[in-house]
Amino acid sequence: MTREITTILPFIPIGAALAAAMGIFQARRFPGFRETWTFLAAGFQLYTAMAMVPYTLEGVILVTPELPFLPGAGIQLRADPLGMLFLTLASLLWLVTSIYSAAYVRTLGMRHRAGFFSAFSVSLAATAMIALAANPLTFLIGFEVLTLATWPLVVHKRSSKVLRSGRAYLAYTLLGGQLLFAAVAWAAELAPGADFTAGGFLEGAAGDTALRVLFALFLVGVGTKAAILPLHAWLPAAMVAPTPVSALLHAVAVVKAGAFGVLRVTGWVFGPDLMNELGLDIALAAAAAATILFASVRALGEDHIKRRLAYSTVSQLSYIVLGAAIGTPLAIAGAAFHIVAHGFMKITLFLSAGVIQVATGKTRISELGGLGRRLPLVFLCFGLGGLGMAGIPLLPGFLSKWNLAFGGVRADAMWVPVLLVTSGVLNLAYFLPIVRIAVFEPGDPGQVSRPSRWLLLPPLLAIACALVLGVAPDLGAGFWSLAEMAARSVAEGDAPLTAGTR
Amino acid sequence: MNPLDWLAIPPLAHPGLWLALGALVTAIATATGVLGRRAASAPGILFAALAVFAASRAPSGSVDFRVARFDLVWYHADDLSVLFALVFSIVTLLGLLYGAHRLGPGETVAALLYAASAVATVLAGDWITFFVFWEAMAITSVALIWQGGLPESRRAGMRYLLVHAAGGAALFVGIALHASASGGVLDLGRLAATGPPFWFLLVGVGLNAAIPPLHGWLTDAYPEASTTGAVFCSALTTKTAVYALLRVFPGAEILVSLGVAMALYGVVFAVIENDFRRLLGYHIISQVGFMVAGVGIGTELALNGAAAHAYSHILYKALLFMGAGALIEATGRRRLTDLGGVFRSMPVAAILYLVGALSISGAPLFNGFISKSMTLSAAGEAHFYFAELFLSLAAVGTFLSVGLKLPWFAFFGKDRGIAVRPLPVNLLAAMAITAGLCLLYGVRPDLLYRMLPFAASYDPFTAGHLASNVQLLVGAAVLFALGFRRLAPTPTRNLDADWIYRGRPGRIARPLVTGARALGPVAQAVRSGALTAANRAIVRLAAPGALATGAVRRDPFSFRTPIGRTVLLAAMVVGWLLLASRL
Amino acid sequence: MKGILVLLAGFALLGVGLEALGLAAGEEHHGGFWNFIPLWDFAFGFVGAAILGLVARGLLKPLLARSEDWYDAAEGDR
Amino acid sequence: MIEALAGLLVALPLAGAALMPMVAVLRRRGTRWLAFGLHLLTFAAAAAVFARTAATGEAIAHRMGGWPGPFGIELRLDGLSALIALLVTGLSCFVASAPVDASRGATRRASPVREGLVRGALSMLVAGLVGIAATRDVFNLFVFLEISSLAVYTLVASGGGRATVAAFRYLIAGTAAGSLYLLGVGFLYGLTGTLNMDDLAARLPGVEADAALTAAVALIAAGLAIKAALFPLHGWLPDAYVFAPAPAAGFISAVMAKVSAYALLRLLGETLRGIPAGAMALETMVWLGTLGVLVGGGMALAQRDAPRMLAWSSVSAMGAILLAVGIGSPLALAGALFHVVAHALAKGCLFLGVGGLAETLGAGDRRALRGLGRRAPWTAAALTLAAFSMIGLPPTAGFSSKLLLLRASLAEGGPAGVAAFVALLASSGLAALYFLRVLEGIWFRPRPEGRPAQRLPRALAAPVLSLAVLVLLGGVFSAVVEREFVSGAVEAVAGATADER
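Residue numbers (our numbering), protein chains in the order written: chain Y, 1 to 502; chain H, 1 to 583; chain B, 1 to 78; chain C, 1 to 501.
Bear in mind the hints are in silico, worked out from the structure with no lab data behind them.
One or more of the hints may lead you astray.
The list that follows gives simulated cross-link-like pairs (lysine-lysine, DSBU-like), each with its CA atoms no further than 35 Å apart [unchecked claim]:
| # | chain 1 | residue 1 | chain 2 | residue 2 |
| --- | --- | --- | --- | --- |
| 1 | H | Lys414 | B | Lys2 |
| 2 | H | Lys414 | B | Lys61 |
| 3 | B | Lys2 | B | Lys61 |
| 4 | Y | Lys362 | Y | Lys161 |
| 5 | Y | Lys157 | Y | Lys362 |
If we take Cβ atoms under 8 Å as the criterion, some of the chain C residues that face chain Y in the derived model are [to be verified]:
| # | residue |
| --- | --- |
| 6 | Leu14 |
| 7 | Asn140 |
| 8 | Val143 |
| 9 | Ile147 |
| 10 | Ala411 |
| 11 | Leu436 |
| 12 | Ser478 |
| 13 | Ala479 |
| 14 | Glu482 |
| 15 | Glu484 |
Note that the Cβ used here is the ideal one computed from N, Cα and C, for glycine as well.
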């Protein structure tokens with residue numbers, strides 16, 4: 001049975017990141033301190049997250065006292081399994097990315113570093129807030145702060161083209177945020193003071209149509225960040241950002257905040273039963289399916305590495321949305337785990353793409369010929385990441401795909417596994433040519449500078465984690481258990497949550 | 001305890017483990033420079049030998065362990081799986097020996113991993129493990145094909161990969177559906193041949209078995225692999241599928257028709273093929289058809305026949321591909337129309353090739369005979385008379401193109417005076433050993449029969465069998481002798497199922513991709529258009545006339561509501577309130 | 001050429017002899033009625049091969065044969 | 001004692017208005033500090049009064065000159081009035097601390113006459129606005145309204161140049177508004193024989209609801225609506241806000257229209273409640289407010305000039321406040337009042353900052369602000385915070401007020417509620433879009449070639465920063481704002497209306 005303990009512990013990961021942001025800003029004249037602060041904060045955030053995970057795994061939920069905000073709405077954090085899963089992932093990958101960022105800014109001699117690192121920290125604080133939000137209002141605040149804090153990062157290069165992309169990015173995410181704002185206000189009106197409740201709290205709170213509209217508002221709100229079709233255009237546009245930003249924020253923090261939000265909304269605001277009753281699950285699943293297919297096809301036609309990765313992200317995020325829509329325990333567990341799985345694999349891909357860019361200045365797939373011999377480790381990482389995306393077994397993507405597929409079958413939706421495998425094939429179709437061209441096609445690699453080992457280490461670390469997760473998804477942070485616990489709390493299912501032979 | 005007895009301990013008895021270790025050692029040794037590129041296959045040969053040894057002594061039983069929340073039975077040995085594991089290991093050893101003179105580290109590692117995956121697939125005890133290695137096989141085999149080194153190898157490899165990914169996808173769906181239906185039980189065992197799980201699994205497995213029209217990948221990619229790569233390819237992928245069919249769908253009657261159709265399909269296309277490795281590829285399809293039909297017939301004899309035929313087939317087909325590879329290595333040509341009269345320059349290889357050709361044709365005293373006649377007899381005994389008839393027809397066709405047409409036009413026929421490079425010893429040795437095995441099993445069928453999964457006894461050497469086979473072959477030979485000119489190859493390319501994704505239909509995909517690309521700007525235009533329109537509507541409401549003069553756009557300062565209008569509007573508001581309240 | 005013909009004849013004789021031997025030994029026979037026709041397999045081998053050749057050369061080849069670089073042309077810039 | 005303070009609230013600034021020109025002429029240097037002290041003192045008085053009303057929940061009454069009602073002028077400050085008084089006096093301190101022509105730099109020091117005029121007008125404005133908030137007499141309300149209007153005309157006109165035209169336009173509109181209102185009051189007096197709000201509220205139910213009463217309500221509503229810039233009667237607003245000199249514009253934009261909205265709330269929401277025409281007026285106000293929200297946002301998006309954009313966004317904000325006043329539920333009033341506070345702080349900050357910069361640079365288009373983030377990061381940060389508040393982003397005060405407004409419109413339901421909800425949402429979106437462009441320029445664009453460096457004079461920078469801090473604090477401590485400031489005010493009105501029912 002779950003038990004709640006009131007403590008201020010969940011505030012600490014957020015506080016750490018915020019403190020780091022201020023520290024970095026203050027230390028803007030002392031370059032060394034910036035990274036020190038970042039590493040300290042990232043390490044500390046990870047440490048506190050890992051310190052809280054055992055409680056969560058034992059069924060103890062850490063809750064902060066509620067800070068009053070407005071009547072019927074307070075700010076509160078609650079370290080439930082789903083939140084801990086996201087928090088641990090984000091802080092772990094923050095640490096990995098920090099190493100990379102430090103090397104990246106030095107290699108490229110980037111400007112505005114203090115702003116860069118402090119905005120990064122604020123983004124992570126916001127992500128932690130989103131992860132641990134106990135109610136829609138807290139979630140919304142984190143969501144909006146994340147939007148704003150990532151803007152400077154996206155437009156870091158400051159050129160007109162970049163600024164235009166940044167405007168698109170912000171227009172989408174801010175407008176989405178406003179709709180989420182409306183939805184949160186509405187939910188607060190229907191059920192004042194309601195926290196995220198496993199299984200939803202809106203049952204019977206309003207008429208069917210009103211609830212459907214509310215759901216649409218919620219979904220457009222969080223779905224913008226989750227890049228559900230047709231709200232996805234900002235994500236490829238945001239690829240103008242420096243690679244560490246694309247890697248962490250647009251593979252993990254921002255987009256996952258959206259996907260995580262979709263899970264929260266479907267599982268903790270509406271609940272699978274209500275969604276089913278209102279026919280929302282079908283609608284959402286259809287949107288997810290369309291996104292998965294469209295984005296995969298779109299990725300095929302993209303020659304720019306990072307943009308192809310972005311479309312892949314669009315497609316993969318909808319796996320999570322799909323799981324949330326299906327709403328069976330297996331599917332939710334698969335979706336929750338996919339947050340983690342996709343995080344590790346996609347960050348590997350992004351970081352590898354970044355190394356390629358740093359070492360050769362090349363950003364297009366067709367230019368990669370002959371590079372395989374010069375950067376073998378990078379393309380090893382890239383290949384493994386791509387295979388993982390396609391759901392090849394022994395990589396974590398398989399685990400989420402399997403559970404999603406099984407969950408779909410359990411819900412009598414045979415098209416779910418078909419869709420997932422179709423997407424898997426498309427994944428191979430757009431990832432492996434990159435490796436093929438680099439490793440097997442002849443070509444002039446041009447001038448290749450030797451990338452710093454600190455640039456190479458993070459992708460290797462990430463893919464190593466992914467490989468471990470693929471065979472031992474519970475090792476370390478207990479990601480799979482967390483996903484499973486989260487799913488179990490939302491939907492009671494008769495099905496065994498793991499498919500084994502015995 | 002004899003150190004070699006350790007190989008009988010289950011974890012170490014897994015031949016795939018040794019093959020994978022071989023790959024690892026090769027990779028490390030060549031990457032660190034301990035081993036020169038020229039000797040890259042040496043450790044592989046050693047480890048493949050260990051794998052053969054391990055497979056020959058593999059104890060039956062299961063070993064499972066928990067991975068990623070699944071209880072995976074990664075070692076499940078019974079007669080059927082060990083039979084396949086053994087022959088896979090043997091052919092790996094032979095293939096490495098065959099290519100030792102030219103195998104680089106990349107190709108060696110890919111080949112070893114490919115073989116390891118195949119072995120692990122047949123030794124898998126549950127669907128998940130099976131799927132894991134099934135996918136691994138697809139990927140590693142592509143890595144092997146890509147080593148073919150030609151632009152066409154890379155393109156064909158990519159197509160191969162995608163087609164296999166699609167097959168794996170169908171398999172995945174099938175497994176998920178099956179798992180759901182069985183309540184999470186994933187043991188690899190006989191399944192009912194009905195319902196969606198069956199069809200998905202059939203498509204998934206059938207694609208690897210190259211059942212038309214899912215066979216396009218085979219004849220597309222195998223001719224583009226390197227000479228050595230093709231040897232591995234010919235042996236492993238399709239036979240793993242046969243194993244899966246044997247394990248899962250014995251007696252599924254639809255397989256009889258499919259098998260017969262395959263057997264004939266391959267034969268007919270082989271008759272008009274010019275690229276001799278593609279020709280051999282068509283004969284893989286044809287021969288696998290025998291096995292598929294055997295699985296469909298489903299009697300113990302038929303299943304034994306299918307398993308035995310897979311075993312034989314791997315050996316003689318490897319030999320045939322070795323021969324084809326020898327031809328390519330010696331002459332640098334790969335089309336029958338470019339060849340002719342090289343027998344005199346490379347008699348040993350030619351004769352060894354002919355051993356393979358006779359084996360595949362089912363000539364008595366060669367190993368094809370002892371397994372093929374099992375299937376034919378089983379068909380007869382189980383009253384699949386037409387199956388038997390058509391399979392015999394396929395056998396005739398096999399002899400016609402592999403046994404007569406190919407050697408005639410390549411080795412004999414018109415001498416074009418082609419310069420022939422001498423063949424290395426290891427290549428010929430590998431061919432000789434393989435040919436020796438073909439002959440050995442052809443003469444001593446009991447060596448093979450005792451490894452078969454069922455106890456059904458069978459004697460191939462009855463006078464009737466022998467008579468029937470000899471007559472068939474002679475009949476076909478007579479026809480060829482009379483009409484070989486009409487069977488002469490032409491330098492053409494025949495369309496086949498790969499047209500579906502390479503020809504006109506395949507080109508549909510491109511507009512789809514381009515169309516998806518074009519959607520972006522369109523959507524962008526719609527979005528900004530909608531925004532502009534909304535904004536204009538608002539401006540029009542607040543500042544009538546402003547837009548018409550372009551005033552707002554040109555100079556925002558110039559526009560202001562006339563103050564008289566404010567006063568007028570105030571009066572209107574008063575009027576409205578008066579009116580509305582009084583009504 | 002002559003040697004080959006002799007070889008063929010020899011094998012043909014062997015086939016006839018073996019069939020006779022089998023009949024004499026009273027071996028069990030399975031299959032359709034055609035299997036009971038004497039020297040059926042000679043005929044089948046010959047006719048079967050002819051049919052296959054005809055079908056392949058006469059029917060399929062005109063339908064399916066293209067120039068060797070047909071796909072390269074079809075695939076265009078790929 | 002505290003009652004005397006209530007009297008002081010009006011008397012002090014009124015005295016200041018008379019004093020300031022004289023002091024300015026005599027001793028210019030001291031004027032600024034005298035004005036600041038005076039406003040600070042007034043603010044202290046307002047704070048004391050507010051603290052008392054908040055503590056006791058009761059109104060504080062003061063009869064000017066000790067004359068008993070109904071003849072004397074009664075000031076009575078309940079929670080709502082005290083809040084408005086607090087806001088007005090508080091904001092006046094920020095502006096009073098700035099030199100008259102702060103933004104024009106040291107080269108153009110204001111002449112003594114001008115200095116005295118502007119400072120006196122500001123004091124007079126404060127007196128008028130506080131008077132509006134404090135009075136319980138509908139005629140006195142008119143008087144205070146005119147006092148404040150006259151002061152504003154002066155202030156706007158002091159900008160010179162085009163400002164004179166703007167002031168004149170405002171003068172016409174304002175006079176029309178005053179006339180309409182006075183006409184309405186006249187009708188009321190004729191019908192009831194009293195001008196005191198409480199008496200009116202008591203007597204009106206006995207009055208037959210005939211055309212005269214309807215006309216009274218309609219005239220009062222229309223008059224005040226012009227002053228409150230309710231769409232479509234907002235025509236005077238953009239020019240007046242844009243052309244007033246920066247310090248004055250900051251103050252005017254922050255409080256002027258809002259105090260008229262307060263008057264609307266007082267009269268329509270409290271005194272004239274229960275009259276069919278009053279209800280009708282409120283309903284109309286919801287719809288017009290909704291339209292205003294949209295139109296203001298849309299027009300702001302169409303502007304290229306930053307101060308004009310801000311002015312139009314004020315139209316939008318006034319729409320939001322007035323529609324909430326029209327809805328009239330406690331939640332809506334809480335939203336409206338929170339929005340009054342939040343918007344006053346944020347818009348004051350923005351007008352002081354942006355207007356100041358625009359004047360410094362002599363150009364108002366958005367490009368002028370480019371590169372500000374590098375040049376003056378703190379000012380830029382303050383403006384950013386204020387913009388966030390305007391959009392309704394956490395953790396600023398605008399977020400909280402918008403949350404309340406959205407909830408209130410949903411709770412209201414019906415077509416009007418839904419329309420209001422959608423409009424509020426759309427205006428947030430529009431605000432996001434138009435502020436986005438400004439913020440992008442401030443932070444990420446380089447300063448255009450050949451433009452002078454932007455720098456806000458310290459005298460303006462200080463209020464801008466402090467207001468931004470308040471915007472932030474108001475958001476972070478929304479609970480405190482709501483509990484300590486808004487809820488008492490809401491109770492003062494809602495409690496009265498509840499009694500009536």
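Results for each hint:
1. H:Lys414 - B:Lys2: holds, 17 Å
2. H:Lys414 - B:Lys61: With a Cα-Cα distance of about 23 Å, the restraint between Lys414 of chain H and Lys61 of chain B holds, given a limit of 35 Å.
3. B:Lys2 - B:Lys61: Within the cut-off at roughly 32 Å; holds.
4. Y:Lys362 - Y:Lys161: OK: Lys362 of chain Y and Lys161 of chain Y at ~19 Å, within 35 Å.
5. Y:Lys157 - Y:Lys362: Satisfied, since the Cα-Cα distance of roughly 17 Å is no more than 35 Å.
6. Leu14: Violated: closest Cβ of chain Y sits about 37 Å from Leu14 of chain C, beyond 8 Å.
7. Asn140: Violated - the Cβ of Asn140 of chain C stays beyond 8 Å from chain Y, reaching only about 35 Å at its closest.
8. Val143: With Cβ-Cβ at 37 Å, over 8 Å, it is violated.
9. Ile147: violated, 36 Å
10. Ala411: holds, 6 Å
11. Leu436: holds, 6 Å
12. Ser478: Holds: closest Cβ of chain Y sits about 5 Å from Ser478 of chain C, inside 8 Å.
13. Ala479: holds, 4 Å
14. Glu482: holds, 6 Å
15. Glu484: violated, 12 Å
Consistency note: the structure conflicts with the earlier hints numbered 6, 7, 8, 9, 15.
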